[in-house]
Every structure is written in structure tokens, then in C-alpha cells.
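Reading the sequence shown from the start, the letters are residues 750 to 930 in this note's numbering.
Be careful, since some hints might not be right.
Derived CB-CB ranges, DEER-like [claimed, not checked]:
#1 S771 / G807: 23 to 29 Å
#2 D909 / S816: 21 to 27 Å
#3 A752 / P849: 16 to 22 Å
#4 T827 / S771: 19 to 25 Å
Simulated from the structure, these hints should not be mistaken for lab results.
Glycine included, C-beta positions come from ideal geometry on N, C-alpha and C.
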Amino acid sequence: MRARLDLFPAAERTAASALIISHLANWLSQRSKPGTIGLFAALPREPVLAGLPLLLPGWRFAYPRASPGGDMDFYLVTDPASQLRTGGFGILEPDPARSPLVDPSNLSIILCPGEAFTPAGHRLGKGGGFYDRFLERTPSTTLLVGIAFASQVIPSLPVDPHDRHVSFLATELGLTPVTSS
Numbered sequence: 750m751r752a753r754l755d756l757f758p759a760a761e762r763t764a765a766s767a768l769i770i771s772h773l774a775n776w777l778s779q780r781s782k783p784g785t786i787g788l789f790a791a792l793p794r795e796p797v798l799a800g801l802p803l804l805l806p807g808w809r810f811a812y813p814r815a816s817p818g819g820d821m822d823f824y825l826v827t828d829p830a831s832q833l834r835t836g837g838f839g840i841l842e843p844d845p846a847r848s849p850l851v852d853p854s855n856l857s858i859i860l861c862p863g864e865a866f867t868p869a870g871h872r873l874g875k876g877g878g879f880y881d882r883f884l885e886r887t888p889s890t891t892l893l894v895g896i897a898f899a900s901q902v903i904p905s906l907p908v909d910p911h912d913r914h915v916s917f918l919a920t921e922l923g924l925t926p927v928t929s930s
């Protein structure tokens, strides 16, 4: 999958990211009540969602911060330019001195990056298990949305008993509910 994404031209990746943002903004703006969204700062092969908060006034956004010990928490970010900094893993993350910690139960939606997804909502992460461990602490009512390029949605993946499945997939082709597994 990483090799496939490396072949995805930057201009096409940028255009696909813009479409994903548009689909998410349209879908989220139709929800009855704004809440707090777990967002992420993209790694090089991931869709870039930085423009999403600008399209959703009234919504709050929290970004993850991973610790070397393997834990991850989300922090409320109102100004990414001043509150995000490059962390120990080379990922933009919130500065806990400038961003309040968000209890996992207060995230109404988590936008989940992944290496690959299936139409049934199975997710393959990057290998560190940060999202897997964090999602174990979230209520089952938290809506999980897989964020990927369409080329990352494949027929099957290995699944472990502890894996949480996403309920929706957002790609440049649209936002769709997952099929039954």
C-alpha cells in the first residue's frame, strides 16, 4: 500500500484531499448538532484535512498527541498555527501547555487515518497501535470515520478481536456507510 501511495502524484493527492474535505463538510453540516471532532495532521501519504475546520463553524476540533510509551490523547485546538508543533514522531501535534486535554467520551466523531480500509469498515493502521489503544477508551457511540484515498479501500484485511471498525469511509469518491462484514 505504501508503494502504491508513493506513486500517487502530489497534484492528484491534493485534489483528492480537497474532495474529501468537501464531502466531509457537506455531511457534517447536515448533522443536527455540532460536536467535537477528532482530526489529525496528515503524514506524507495521507489525505490533508487542514481546511476542514474553516468550513464547519460551531464545531470543535481536537488533534492527537502520541507519547513514546504508546499512549495517545486528543487535545482541543482552536488555532492550529499556534497550537500544533512537530512532536517526537515528526508529526504535527498539539502543545499540551496550550491545548486542553479532551476526555475520549467527549469526542462525538473521530476521523481515523489508516494504511488501508475495507468496504466493511476494517482498518489497518500504521503499525504503532496508537489509534487501536485510544479507540478502546472511547464509547461505542463515538462515530468513527475512516479517511483514505479510494485506492486504499481494498477487499480484505487481517482483523484482530480488539479492532474497532469504522462506520463510514470518506474518500475522494464520497462519504459512504460501510457494508456489513
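Checking against the hints above, which ones are violated?
Checked against the structure, the hints that fail are numbers 1, 3, while the rest are satisfied.
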